[in-house]
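Please construct the entire structure, taking both the sequences and the accompanying hints into account.
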Amino acid sequence: MRDVAFWVLAVVAVAGGVAVFRVGSMARATFALLGSLVAVGLALLLLGLEYLGYVIILMMVMEMLVMAVFMVMYMMNPAGLMPMRMTHNARWAASVAGAVFVLLATGTFLLPEPVRHGRPPADPTRALGLAIMGPKMLVMMIIGVAILATMVSSVVLSVNRRHPGRGC
Amino acid sequence: MGLHAFLLLACALFSVGLYGVLSQQSIVMLMMGLELMINGLLAAAGAFWYHVAPASADGQVLVLVAVTVMALEMVMGFAVTTAIFRAREIDMTDEAEDLRG
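Heads up: the sequence lines are chains A and B, in that order.
FYI, the numbering used here numbers position 111 of the first sequence as 111, with every residue one higher than the one before it.
FYI, the numbering used here numbers position 93 of the second sequence as 93, with every residue one higher than the one before it.
Check before you lean on any hint, since a few could be wrong.
Derived list of chain B stretches under chain A, where covered just means 3 residues or more per stretch with a C-beta under 8 Å from a C-beta of chain A [to be verified]:
id	segment
1	13–19
2	66–76
Cβ pair distances, simulated, as ranges [said to hold, decoys possible]:
id	chain 1	residue 1	chain 2	residue 2	range
3	A	162	B	4	51 to 61 Å
4	B	96	A	62	43 to 53 Å
5	A	117	B	87	47 to 57 Å
6	B	96	A	130	39 to 49 Å
7	B	55	A	91	43 to 53 Å
8	A	111	B	96	11 to 21 Å
9	A	137	B	86	37 to 47 Å
10	A	55	B	2	19 to 29 Å
11	A	121	B	87	43 to 53 Å
12	B	86	A	119	23 to 33 Å
13	B	2	A	155	39 to 49 Å
14	B	87	A	120	43 to 53 Å
15	A	69	B	55	35 to 45 Å
16	A	156	B	55	17 to 27 Å
If you're looking for bench data, these hints aren't it; they were derived computationally from the structure.
Keep in mind it's a predicted model, so treat the numbers as computed, not measured.
Every residue gets a Cβ at the ideal spot worked out from N, C-alpha and C, and that includes glycine.
This is how it looks when you write it as structure tokens:
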């Protein structure tokens with residue numbers, strides 16, 4: 001049953017990913033990407049990663065909504081009223097992507113199944129919480145500084161230099 | 001639902017994202033390709049945690065880092081798009097090729 005659910009989610013994730021670059025409008029592309037991201041979040045739920053699965057789903061829903069707003073701001077044809085074709089070197093890009101897929105997939109199947117060390121804890125969320133508040137706290141501190149740096153630099157980059165103080 | 005199945009999913013997502021990054025002209029569509037590539041990384045990291053070392057939380061921490069990178073990448077991408085749009089009114093990569101060598 002879990003296998004069937006996984007393969008359905010895998011097909012949805014990849015089909016959503018392909019649809020991002022095939023559909024005719026930016027808004028549809030955003031929702032196709034959202035479908036792909038949510039399918040991966042649900043696949044992580046199948047592994048018992050409840051916290052991370054829900055975090056991915058909630059974060060990506062918000063992220064894609066923000067993306068939709070930016071799309072309406074910047075893009076021509078956000079609603080797909082005219083057919084959209086915005087690619088360069090599509091054939092070359094497709095052959096590179098195909099070659100990378102064949103390479104990675106071959107590597108995946110050539111490697112032997114790794115040995116499993118230990119068993120999943122009864123509550124993986126508790127294990128994650130204890131790790132990031134204990135031995136992995138440096139990771140969280142660096143993430144915190146990176147988020148702060150990103151906030152500062154995004155404000156600096158997007159401020160209006162021609163009319164400082166006007167905002168937009 | 002073994003490790004190989006998850007890694008195959010990750011390979012497929014990564015490759016589709018790579019196609020988008022290489023082929024799209026719009027900066028926002030290019031960022032969608034990057035998000036898809038990191039999406040593949042999420043699937044692979046979760047599977048590695050479950051199938052290789054579930055006793056330690058390292059794999060979970062890696063997923064957490066990748067999710068944060070995804071959000072930060074999008075924020076910086078939109079900030080750069082806003083800056084370049086303000087400076088030159090463009091939103092396509094082909095129009096910003098000053099460094100082309």
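Against the structure, the hints:
Coverage of the segment 13–19 of chain B by chain A holds [criterion: at least 3 residues with CB-CB distance below 8 Å; count 7]. Only residues whose beta carbon comes within less than 8 Å of a beta carbon in chain A count, and the segment 66–76 of chain B has 8; three or more means the coverage holds. As the Cβ distance of residue 162 of chain A to residue 4 of chain B is approximately 55 Å, the hint placing it in 51 to 61 Å holds. Between residue 96 of chain B and residue 62 of chain A the Cβ separation comes to about 28 Å, which falls outside the hinted range of 43 to 53 Å.
Take residue 117 of chain A and residue 87 of chain B: their Cβ atoms lie about 52 Å apart, and the range 47 to 57 Å holds. Taking the beta carbon of each, residue 96 of chain B and residue 130 of chain A are about 46 Å apart, inside 39 to 49 Å as hinted. Evaluation of the 43 to 53 Å hint for residue 55 of chain B and residue 91 of chain A yields a pass: the beta carbon distance comes to about 47 Å. In this structure, residue 111 of chain A and residue 96 of chain B break the distance hint of 11 to 21 Å, their C-beta atoms being roughly 40 Å apart.
Range check, residue 137 of chain A to residue 86 of chain B: about 39 Å between beta-carbon atoms, so the 37 to 47 Å window is met. Restraint check, residue 55 of chain A to residue 2 of chain B: a C-beta distance of roughly 25 Å satisfies the suggested window 19 to 29 Å. Evaluation of the 43 to 53 Å hint for residue 121 of chain A and residue 87 of chain B yields a pass: the beta carbon distance comes to about 51 Å. Against the hinted window of 23 to 33 Å, the Cβ-Cβ separation of residue 86 of chain B and residue 119 of chain A comes to about 54 Å, which falls outside the hint.
Evaluation of the 39 to 49 Å hint for residue 2 of chain B and residue 155 of chain A yields a pass: the beta carbon distance comes to about 45 Å. Range check, residue 87 of chain B to residue 120 of chain A: Cβ separation about 51 Å, and the 43 to 53 Å hint holds. Distance hint check for residue 69 of chain A and residue 55 of chain B: the Cβ-Cβ separation is about 42 Å, which falls inside the suggested range of 35 to 45 Å. Remark: the range hint 17 to 27 Å for residue 156 of chain A to residue 55 of chain B is contradicted by a beta-carbon distance near 43 Å.
Going down the numbered hints, you'll see the structure goes against 4, 8, 12 and 16, while the others check out.
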